[in-house]
Structures are given as structure tokens and as C-alpha cells.
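J.: Protein chains in written order, with full-length UniProt numbering: chain W, 1 to 218; chain G, 1 to 218.
It is worth saying that the hints were derived from the structure and are not from the lab.
Note that this is a predicted model, so its numbers are computed, not measured.
Ideal Cβ positions, reconstructed from N, Cα and C, are used throughout, including at glycine.
Keep in mind that a hint or two might mislead.
Not everything, but these chain W residues come out facing chain G in the computed CB check (under 10 Å) [stated by the list, open to error]:
(1) Val22
(2) Ser48
(3) Val66
(4) Gln136
(5) Arg159
(6) Ala166
(7) Leu186
(8) Tyr211
(9) Ala212
There are 2 protein chains.
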Amino acid sequence: MARHDEIRAEMMRRINAGEWPVNRDIPSEVELGVEFGVARGTIQRALSSLVAQGLIERRRRAGSRVVPRTAHASRLSIPLIREEIEDRGFAYGYRLLDRAVVGGPVPHLRLCCLHIADGQPFQLERRVISLTALPQAEAQPFDMSGPNEWLVREVPASRVTTRISAEAADPDSAAMLALPPGAPLLVVARQTFLADAPLTRVRLLHPAESYAVTTESF
Amino acid sequence: MARHDEIRAEMMRRINAGEWPVNRDIPSEVELGVEFGVARGTIQRALSSLVAQGLIERRRRAGSRVVPRTAHASRLSIPLIREEIEDRGFAYGYRLLDRAVVGGPVPHLRLCCLHIADGQPFQLERRVISLTALPQAEAQPFDMSGPNEWLVREVPASRVTTRISAEAADPDSAAMLALPPGAPLLVVARQTFLADAPLTRVRLLHPAESYAVTTESF
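For reference, chain W alone in the conformation it holds in the complex (with noise of 0.2 Å):
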């Protein structure tokens, strides 16, 4: 093991047992280039990877110190269903099971479609397009893909709202996707705006045990 790394491990030793606890300041370089008895340059590396890692905070004109761990944040990303089943290795596939155009004050296209992935459902789409704000929408069947996919390729980028939560499955969406009533689903709900006015609002619900999100943060 090189020097710089045989320091970092100590570093990160004295971080992780709180001998250099979060906040406070470490020592400077050139007081641990000292107790180390190796060049500054050499605290330096050792140091950089620590900061890269996120737990060494460098600030100038003063000294360095352990960041805490805050509240963390990650990207969450909700990825095409069909790349999500594909992805698994099973194969795709769609069925429209809904299709109406709702007039009204607010006319909206309501679409209840069912994601397949090798011959087994996997995620119920229940959803509502805007008639006001995409009136193009009326033309498409979706009778052959998801509406997901005509959103994603036609529609400008905007707000996106996203909820996940855990439901029991009423009898109707449990029947959809072969499921006992009662059953546990995980439901990932989405809204979509252009600038202040409601493009399209979905449910994705999935059988539980077959879905998860994930996420990673640094």
C-alpha cells in the first residue's frame, strides 16, 4: 500500500471512530505532515480523496473539517416501463384495457392500460391526459403502445410532481393485475405540468412484490 493511501486509512479511521469529530476542524497539513513524517504533498493526496469522498470539507483560509451527514438527497429517476421490464430480461408487453374521452368543463382522455412483462402484469397505468392543455391527445389510440411513450416523444419538458405510497388493491385494479384483493401495491403517482397548467396525471400501480424504487446518493 502506497504511503498516501496507508494515511487516508487512518483518516478515515479517526473520522469513522470520531477522533476527529464532525465539524471541528482536523489538523492543518503541516502539523500532520509532521506527525505522519512524510511530505506535505503526501497529506495532500491522502487528503484530496478524502474530500472527493465527500468527508473532508477543504476551506480557504482556514482550516479543513469532517462534513456531517446531512439529510441526504438522491436523484430519482423513474425510468420508461418498457426499458424497466426489458431491462429485467422479460419480454414487453401492452394491452389497452380503457380508453374514454370525457367531456365536460375539464375534457380529458382517461386511459387504463396494463405493462406486461413476460405474460405476467406488472404495472396498471391508470391515467388522464388534459383535452384543454394537449388536444392532440384525442387523435392517438394507444391502442398499440403507452401513452408514456407519445408523452415523453411529443411533449415539451415541464414540472413533473411524483408520490409513492403503499395501498391495498381495491377489487378492480386487483382483478387487472391477477392479484387477490387487499393485496399490497406499490403506487407511484405523477403529475405533469407545463409551466402552471396540468398535462397529465397517472397511477402506476404495481403488485408489491415484483417492484421497488431505488435510488443512490454520494
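Add chain G to chain W, keeping to what the hints say.
T.: Structure of chain G alone, referenced to chain W:
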């Protein structure tokens, strides 16, 4: 309404209606100035706010174009449970249900804690802390406040993986959450690492009707 706002609204309508299709150049600023009968600066002002919203992309030495709605990514942040409960206006309560030091080749501290909102079980925390990585955890009783608060305060930043899923409550967890067995739970599972060393892993179990994870993206 200012003229540039009117022009911006008309541009939004065109984007929305597909008259300015995704991934295609829109007319030049000069052409738009002629069409709307305004100075180029007014066109630029209208375009700038669409650029700021991420709907239009300006390219050097090329035209501007409508940005496709890509697979949206959002920031997912899971706050401290105490703050989450208090932010909802509930009184926070805490109970340590189980604490055990487990020896063997991978010594760890096993904890089971209940987080309470206005007297109702809100979150069951099932946690394991590595005593190889964090030997100082063994001295913590965790009888008055949860291990997450201690970890956030004492343990430096690192990598976190998160998995959000749904499941039916096993009889043991159901009893602690005052739910019938099989009730749907929203489960947030997290693993925390310092560099590659696992520090702690936790399963946070929530009654489905009282909890959701929400995010917003632009």
C-alpha cells in the same frame, strides 16, 4: 399583460399544441420579430423565460429548439422522522422496543424502535449498526432518541442506497404498528457506507395510509 408575456404565452401554446415540434428548430429570433412585429429584444425576453423553464434550448451558431421531455430525475430527500412528524403538527414520541449486541464474525448492534405521531405508531425502525465500523455505537443506549439522529450527528457523509417498496405486514411488525397482519406497508430500506465499508442498514416500515415519499422535479 406586457407584450413579451403575450408572445411567451403564444410560444407556449405552439409548443404545447405540437406546432413547434420537439427536437426541431423553432423560427429564428429575426423571423419571430417580423412575425410578431416587435424588436428582437422583446423576442429574446420571451424566449429567455422558456429557456429558464427548460422548454427551449439555445444552441450556439444554430437555432433554438424545443427540448424533449426526458426521463425525469428528481431529488429525493428523506428527512429525519422526528422533523417529518413535527412538520405535520403531531407530537413526536419514541420507544425503543429491542436492543441487542450480536457477536460473531460480523459484530453488530440490532435495534427495533417505534416512532409515534400523536400517540399512533407512525414508523417502525428495524436497524443494524456495524460494530466493526462504528464501535462507539455500542455505548449508546438509544433509549431516549433514535439511532438515526445519532448517526446524522456523529457519522460523516457517505454513500447511501435507498429502496422504496410495498409489502404486507408480517404478524410481528403488524402488532408493533397496531395493524392487522397483512396490512399494506410502505417500506424505505437504506444502506449506508463509508467508502466501501457498510455502516448501517435500516428498514423503515410505515402504515400505508399515513405515509408517502414525495418529490418534485423541473
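J.: Of the numbered hints stated previously, which ones are contradicted by the structure, given in increasing order?
T.: 2
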